[in-house]
Every structure is written in C-alpha cells, then in structure tokens.
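Participant: The primary structure of each chain is shown beneath.
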Amino acid sequence: MTERAIKQPDTTTVGWYEFATRHRASIAALVVLIFPLAMPFTALAVNILIYGLYALGFNLVFGYLGLLSFGHAALFGAGAYLCGIAVVHFGWPWYAAIAAGVTGGFLIALLIGVLAIRTRGIYFAMVTMALSQCVYYLFYQAVDWTGGENGLRGINVRSIDLFGLRLDFINPLTRYYVVATFVIAAFFVLSRILASPFGAVIEAVRENEMRARASGYDVTLTRLLTFVLSGGFCGLAGALQALHLSIVPIEIMHYETSGLVVMVALLGGMGTFFGPMVGAAVFLVLENLVSLWTVHWQLIVGAIFIACVLFFPTGIWGTLIARGRR
Amino acid sequence: MTSKVTRTGSMSRRRLLTTAGAGAVLAVSPFRIKLVQAQEATIKIGFPVPLTGPYGAEAQDQVRAGQLAVAQFNDAGGLNGRKAELVVRDDKLNPGEAATRTLELVEKEKVNFVVGSLSAAVQLAINNVTKERGIIFNSISQSDAINEASDFSKYTFHEALNPHMTSGAVGRYAFAKFGKKVAFLTADYAYGHEMVRGFLEVGKQFNIENLGDIRHPLGTSDFSTVLPRLQALKPDILCISNFGRDQQIALKQATDFGIKKSTQIIAPVLSHASRVAAGAQAFEGVIGGSSFYWGIEDKFASTKAFNDAFRKMYDGKVPTDYGALAYGGVRAMLEAVKGAGTVDTDKVIAALEALKYDYYKGPQYYRKCDHQSVQSVLIVKSKSRDMKNDADVFEVLSTEEPNEKNLRTCDDLGHKS
Numbered sequence: 001m002t003e004r005a006i007k008q009p010d011t012t013t014v015g016w017y018e019f020a021t022r023h024r025a026s027i028a029a030l031v032v033l034i035f036p037l038a039m040p041f042t043a044l045a046v047n048i049l050i051y052g053l054y055a056l057g058f059n060l061v062f063g064y065l066g067l068l069s070f071g072h073a074a075l076f077g078a079g080a081y082l083c084g085i086a087v088v089h090f091g092w093p094w095y096a097a098i099a100a101g102v103t104g105g106f107l108i109a110l111l112i113g114v115l116a117i118r119t120r121g122i123y124f125a126m127v128t129m130a131l132s133q134c135v136y137y138l139f140y141q142a143v144d145w146t147g148g149e150n151g152l153r154g155i156n157v158r159s160i161d162l163f164g165l166r167l168d169f170i171n172p173l174t175r176y177y178v179v180a181t182f183v184i185a186a187f188f189v190l191s192r193i194l195a196s197p198f199g200a201v202i203e204a205v206r207e208n209e210m211r212a213r214a215s216g217y218d219v220t221l222t223r224l225l226t227f228v229l230s231g232g233f234c235g236l237a238g239a240l241q242a243l244h245l246s247i248v249p250i251e252i253m254h255y256e257t258s259g260l261v262v263m264v265a266l267l268g269g270m271g272t273f274f275g276p277m278v279g280a281a282v283f284l285v286l287e288n289l290v291s292l293w294t295v296h297w298q299l300i301v302g303a304i305f306i307a308c309v310l311f312f313p314t315g316i317w318g319t320l321i322a323r324g325r326r
Numbered sequence: 001m002t003s004k005v006t007r008t009g010s011m012s013r014r015r016l017l018t019t020a021g022a023g024a025v026l027a028v029s030p031f032r033i034k035l036v037q038a039q040e041a042t043i044k045i046g047f048p049v050p051l052t053g054p055y056g057a058e059a060q061d062q063v064r065a066g067q068l069a070v071a072q073f074n075d076a077g078g079l080n081g082r083k084a085e086l087v088v089r090d091d092k093l094n095p096g097e098a099a100t101r102t103l104e105l106v107e108k109e110k111v112n113f114v115v116g117s118l119s120a121a122v123q124l125a126i127n128n129v130t131k132e133r134g135i136i137f138n139s140i141s142q143s144d145a146i147n148e149a150s151d152f153s154k155y156t157f158h159e160a161l162n163p164h165m166t167s168g169a170v171g172r173y174a175f176a177k178f179g180k181k182v183a184f185l186t187a188d189y190a191y192g193h194e195m196v197r198g199f200l201e202v203g204k205q206f207n208i209e210n211l212g213d214i215r216h217p218l219g220t221s222d223f224s225t226v227l228p229r230l231q232a233l234k235p236d237i238l239c240i241s242n243f244g245r246d247q248q249i250a251l252k253q254a255t256d257f258g259i260k261k262s263t264q265i266i267a268p269v270l271s272h273a274s275r276v277a278a279g280a281q282a283f284e285g286v287i288g289g290s291s292f293y294w295g296i297e298d299k300f301a302s303t304k305a306f307n308d309a310f311r312k313m314y315d316g317k318v319p320t321d322y323g324a325l326a327y328g329g330v331r332a333m334l335e336a337v338k339g340a341g342t343v344d345t346d347k348v349i350a351a352l353e354a355l356k357y358d359y360y361k362g363p364q365y366y367r368k369c370d371h372q373s374v375q376s377v378l379i380v381k382s383k384s385r386d387m388k389n390d391a392d393v394f395e396v397l398s399t400e401e402p403n404e405k406n407l408r409t410c411d412d413l414g415h416k417s
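Note that the protein sequences, when read in sequence, are chains A and B.
The numbers in our numbering rise by one with no breaks, and the one at position 221 of the first sequence is 221.
The numbers in our numbering rise by one with no breaks, and the one at position 127 of the second sequence is 127.
Hints in this document: simulated from the structure, not taken from any laboratory.
All C-beta atoms, glycine included, are put in the ideal place defined by N, C-alpha and C.
Warning: the hint list may mix true and false statements.
Stated by the list, open to error - Computed from the model, here is a short list of chain A residues facing chain B with C-beta under 8 angstroms:
1) T119
2) S159
3) I247
As the list claims (entries may be wrong) - Every beta carbon over 10 angstroms from chain B, so not counted as near; a handful from chain A, in silico:
4) T21
5) S26
6) L30
7) A43
8) L68
9) W92
10) Y95
11) A99
12) R153
13) S215
14) D218
15) I252
16) S291
To be verified - Straight line, CA to CA, 20 angstroms or less: simulated EDC-like cross-link-like pairs of lysine to aspartate or glutamate:
17) K110/B with D75/B
18) K299/B with D392/B
19) K110/B with D168/A
20) K416/B with E404/B
21) K108/B with E256/A
22) K383/B with D256/B
23) K108/B with E203/A
24) K304/B with E404/B
25) K383/B with D315/B
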C-alpha cells in the first residue's frame, strides 16, 4: 500500500487506480455478473469466461513469471478430459469431476514443469510445446478413455445439486452463473497469490533472476510452483469447458489452442490482472461477429490483431491502465 | 456523469470506459433488433457446416442445397402458411466451435431442428448437445459411431451413408471382379480405420488375402516412399482410404508410378469436388463409392427434378454428393413437419420414422432402431474421356439397392429391441 493511501484512508480521494488495484478481484467479479447482458448469446459469454480463465492461468506464467509457454493446451485439455472421464466413465458428481479436472491440470503441469523448467526463453517454449504434443498423442491414442478422434461425448450434467438446492444446468443463464462462480473464486485466489510475498517473489524472478537468487530465493522452485499453480487454473478452465459443452474434442489439446492463449494474453495485456479476460472477450466476440458476416473472418480478425500489436503494444487493457494512471 | 470534467486522470479513464461501454452496446444492438423482429411462427432449421477450413467448398454446396429445400417448402405454402428458414452457422470444422454454435442455435435462435455437419467428430458433438435438449438433429456426413447405442437418442437421425455401408458396397463390387489379393493405403485416423474395418469385414465373404496395410498420417504430401512398397506386393486391388487433398496426391502419384497398369485402385468414397480439383488423369479408372451423382437423373425422376431445381436456382450448376445429402436432410425434416402438421418434436419424430421417401436418389427410409437412412450406394468410376461437360466426371457402374442387410444389425450396435 502506498504512503499516500495511509495518510488519506478515504478511498475516493486515493484515486481510482489505487482503489481499483486493491479491489481488482471484486471489480472483476461485478463485471462478470452483468457481462451476459452485453453479449450476442450466453454460450459465447460462458466461452469467454472459460477462455479468460485459461488465459488468466497462462498469464501467471507468461506475464508475471516472464516465461513463454507453448504447451498450455496440455494443461487446459488435461483438465477437460479428466473432468469428462470422471463423469462419463466413473459417474462422479459434478463437484468431484471439477476437482478431478483441477488435479489433472496440476499433475500435467508438474510433469511438464519438472522436465522443462530449467530451460529459458525460446528453449522453454520449444520444450513445453514438444511435451504438450506428447500429452496430445497420449490422449489421442487412449481411444477407450477419450474417444480419440471422435472426441469424448456424454458429459451430461443436467443439474447442479448443492445443499438441497437443485439448479438446472441446461438453462443457459444458470450455466453462466455457475461457471462465473468458479471464475470469480479463481479471481480471488489469483489476486491473493499475487498479493502475497510469494507473488512478489514471482515478479522478482521475472525482473532479475540473479538478484532474486542472491536474495536467497530458490528461483527454480519458484518457477516450478508458479507453473503448477498455472496448471491448476487452466485445469479448472478445462473442466468448466467440458461441463459447458458436454463434449471434449481432441482439438482442445492441439497446439493451436496453445497459440490461441498467447494471442489472447497479448491482445488483452500480459502481466495485467484483468487483461486476459479482456483479450478473450475481444477476440471471441470479434471472431463471432465477423464470421457471421463473411467466411474470410480470419483475414479481418488477423488485421485487427496486427493493428492492436502495433498501436497497443501493452495490450488493450494494459494501454487503458496506462492512460488511467496518467 | 462525464459533464464535470476535472483534470484528474480518473475522469478521463472513466470517460474512456463510458465510450467503450457505449461502443459495446452499439455493437450488440443489431442482435437485439433481430431478436425482436424474428417472427414467432417461422420454422427454424439450424444448419452448422464448416464454411471455413479445408471442406469449405463442400460446405457452400451444402448451404445451397439446403436453401433450395427450404425455398421449395415455402413456395408450396409452408406449413399452413408458416414459412421455414435456414439459420446457417460456420462450425469451422471444430467440434468445440460446433457445440458452441449449436448452443447458440438452440438457446438464442430457438431453432426447431438442426441439420448439418461435415465431419464425424463434429456431428457427434452437435448430437450430444441436441439430444440433451430434446432437439431433433439430422446428420448429413459419414460416421459409424453415431448409429451406436451410446451416442444415439430418439432425437438423432442420420441421412448420410456411414463407412460400413460405403466400404461394404465398394468391397462387394470390387472383390468379386478384380481379384482376391488386396493391399491397403490408409489415412491414420478414425475415417481410414473405419473404412478398412468395413473392407476387411466384407472381404471375409470373398476370402480376400490381406497383403498389408500401410498407414500414413493426415496431410501427407509425398507418397513416393510407400508406393513402391505397395507395388512390390503385387496386389490385384489397391484400396486407398483417405480423403480430400491426401486422396488427390496419392492418386496422382499412383498414376505416375504406373500402378494402375497391373492393379485396380479402389477408394471407399469418391467425392465430386475432389475429382474436379485433382483433374481427370489422376482419378482415371479409379472405382469408389458415392451417395449421389447427378448423372443418375435419367434413372430417377426425383433426381431429375432435384437437378433441374438446383440448376434453375444456381445458374446451371449441378449439385454434388454432399449438397444432395443436405437437400435430403432438410427436405425430409420439412416433409415430416408437413406430415405431422406441427413442429412438435415427438410427432415429427414419429413422422420421420414413418417416412418412405424419394427426394433425390431413389427410395429411402429411416431404420427404426438407429434412425439410419437405408439407401442405395452408387459404385462410380472416374471418367477421363467422352466427357460432355465439366461436371461429367463419373460413370455409374452399379447401384447397390437399399437393403438393411448391408447395415450393421441393431444388436451389433447395442440397441435393445
């Protein structure tokens, strides 16, 4: 907290930026709650939440830790598949299936992290990509469990039972708010992590590895732990995706899904809290609107992406924050 | 709110947010208007197909033929004046996108039925979404899995052929005529595997000798290493089970290697669009299966009528195989609505099950247990000479008449009778 804020505890005079930073999770939660009103259709709003959460997890490694991973599709996909398998093959209830998905994200992240974390820069990107392709083929070949080429079908959760309350999961708005609850919880957890001493260490490692090491921090362990935490967030996103679409296609683990999240994070603003959400919203809404209008939507979305990178190098949200701070 | 502009940064930030908010609302507004305008009475058919991606050309043809079926229904007065509408969405050949789009079609557009898809995985994704919500889905692309009890529901219909029927028909024709020694070149994914499984199954009746099966990954651009190996096996028949660009390259190189001199090449599916793309020489003499070819119009009045209507609507173009499936799928749906006199799901299902129809290729009907359309399979041979026009690409050698015996039995598929 800044000195100024302590002298003037009245938040209205602290300035919007400090206020917003301190209550970033709450503000994000508010926006998420009214978000579906502004979207063309609810399923798209749910997708934005899910891809936003996926990008949020990715951003922990990319923006805050400063490592570019090209293998996050494996974490996202593992979450989706494990959640789906828990429902389809074991008949677990929804909460256990989501837990299985998060665990899947953690496990695959640990596996990839242990093998890749000592490499830097482009090598880290290459190794994570190669390992995620291994995971892809593992799930592709396990046809009995994953459906292989045809994808995993039948993740049919019709209702969410909670303390005697029964929510109709087929209803689009109910589905949105169930997913939103998990995403908002993830906001608070991530905000807490970043605000903790450990969060400061993550950024210290990004800024100056030698100095962090000299200060007595275990750089490798910090990296690994951050990567695994990122896996948890991506796994949760994957699990929610599986429940939302009721299928898991093998494409979810394809390297295009890894590339997509890099694009979304760049578009929104790497290293900003809300940037990935903004990036996911802008990208998916654009894709949706333009592809209704022309089959050459990729051309137009690509041109807009290039324009964004050229004119907003810190991303859309990053630029807005910089303006606001001025 | 923004009228009291102060010099603090917070205000300009707020103004920016306001502007952005207004922009977002503006961007959304056309949708709101469309929602209000949509008439309650229109019968809506959701139509997710891969307009972008490698099968874009086929998908465009599906849309054209689907529109034709809707136009004919509307011109004939609709359902007591209620008009139909095709709501087309691009599924981008991605099952996740297809599921999202189907949710949009069902939840926002409130479609009555869904017809579409051009990939096995995509149709299974759409099917899972629609069956959970009690919406009838008529699939117009090939898959074996969609017939099986685990994916089937009473809302699931399958207008297209499936790999079992296609490879069975081609196998029965070719194994009887060209010899017993068979070699396989197969694309290493579900489509290729299902086709080979079908060929080997039917091959048992002919005691064929399996000389070997060489698998290649999807998107192979050079077959020159595998073709000599296949040639060395000296097969009577070389069975190439791949699709699209892979098939075009494989056939072109097989021609260059002179394999056709000693060996008959067969393919489970010969697509009109692929043949046009690759040219006459590469496909010369290749025999394969097809669900439809416009040239059967001298045999069936329904084909003639369909072709003429299509030509009239689209400047003399003839429909392709996948286009015809879309026409059949959409028209069956609308005829069932007419027959039932309502869009009520259960009554339309009953009407579809009772339908004996001939819309574009001779008689068809939906089998009761798995809603698979029992239909004829055409055995076609690619032409290289005496072609009357650009669309005159195949010669129909034989037609396997519709027969439930050529389908997997209901028991095999896991349906309880």
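Participant: Each hint should be assessed against the structure and marked as holding or not.
Facilitator: Outcome of the hint check:
At about 28 angstroms, the closest approach between the beta carbon of T119/A and any beta carbon in chain B exceeds 8 angstroms, and the interface hint on this residue is violated. Checking S159/A against chain B: minimum C-beta separation of about 12 angstroms lies over 8 angstroms; hint violated. Hint status for I247/A: holds, given a least beta-carbon distance of 5 angstroms to chain B, under 8 angstroms. With a least CB separation of 13 angstroms from chain B, T21/A remains clear of the 10 angstroms interface cut-off, as annotated.
The beta carbon of S26/A is kept farther than 10 angstroms from every beta carbon of chain B, the shortest such distance being approximately 16 angstroms. For L30/A, the non-interface assignment is confirmed: its Cβ lies about 13 angstroms from the closest Cβ of chain B, beyond the 10 angstroms cut-off. The beta carbon of A43/A sits about 4 angstroms from the closest Cβ of chain B, which is not more than 10 angstroms, so the claim that it is off the interface is violated. No beta-carbon of chain B comes within 10 angstroms of the beta-carbon of L68/A; the shortest separation is about 24 angstroms.
With 10 angstroms as the threshold on Cβ separation, the claim that W92/A sits away from chain B holds: the shortest Cβ distance comes to roughly 18 angstroms. Residue-level check passed: Y95/A sits 20 angstroms from the nearest beta carbon of chain B, beyond 10 angstroms. Every C-beta of chain B lies more than 10 angstroms from that of A99/A, the closest at about 23 angstroms, which supports listing it as non-interface. Once the 10 angstroms rule is applied to beta carbons, R153/A is inconsistent with being away from chain B; the minimum gap is 5 angstroms.
Against chain B, the non-interface label of S215/A holds: every CB pair exceeds 10 angstroms, the least being about 34 angstroms. Separation of D218/A from chain B is adequate, the least Cβ-Cβ distance of about 39 angstroms exceeding the 10 angstroms criterion. For I252/A, the requirement that its beta carbon stay farther than 10 angstroms from each beta carbon of chain B is not met, with the minimum near 6 angstroms. Remark: the non-interface label on S291/A conflicts with the geometry, its nearest Cβ contact in chain B lying 5 angstroms away (cut-off 10 angstroms).
Distance restraint check for K110/B and D75/B: the Cα-Cα separation of roughly 23 angstroms exceeds the 20 angstroms cut-off, and the hinted pair is therefore not satisfied. Restraint check for K299/B and D392/B: satisfied, since their Cα atoms lie roughly 16 angstroms apart, inside the 20 angstroms limit. Taking the CA atoms of K110/B and D168/A, the gap is near 18 angstroms; set against the 20 angstroms cutoff, the hint holds. Annotation: proposed proximity of K416/B to E404/B holds, straight-line Cα distance about 17 angstroms (limit 20 angstroms).
Simply put, K108/B and E256/A have alpha-carbon atoms about 28 angstroms apart, too far for the 20 angstroms limit, and the pair is violated. Of the pairs offered as hints, the one joining K383/B and D256/B holds, with about 17 angstroms between alpha carbons and a cut-off of 20 angstroms not exceeded. A hinted pair counts as satisfied when its Cα atoms are at most 20 angstroms apart, and K108/B with E203/A does not qualify at roughly 43 angstroms. Taking the CA atoms of K304/B and E404/B, the gap is about 26 angstroms. The hint is violated against a cut of 20 angstroms.
Of the pairs offered as hints, the one joining K383/B and D315/B is violated, with about 24 angstroms between alpha carbons and a cut-off of 20 angstroms exceeded.
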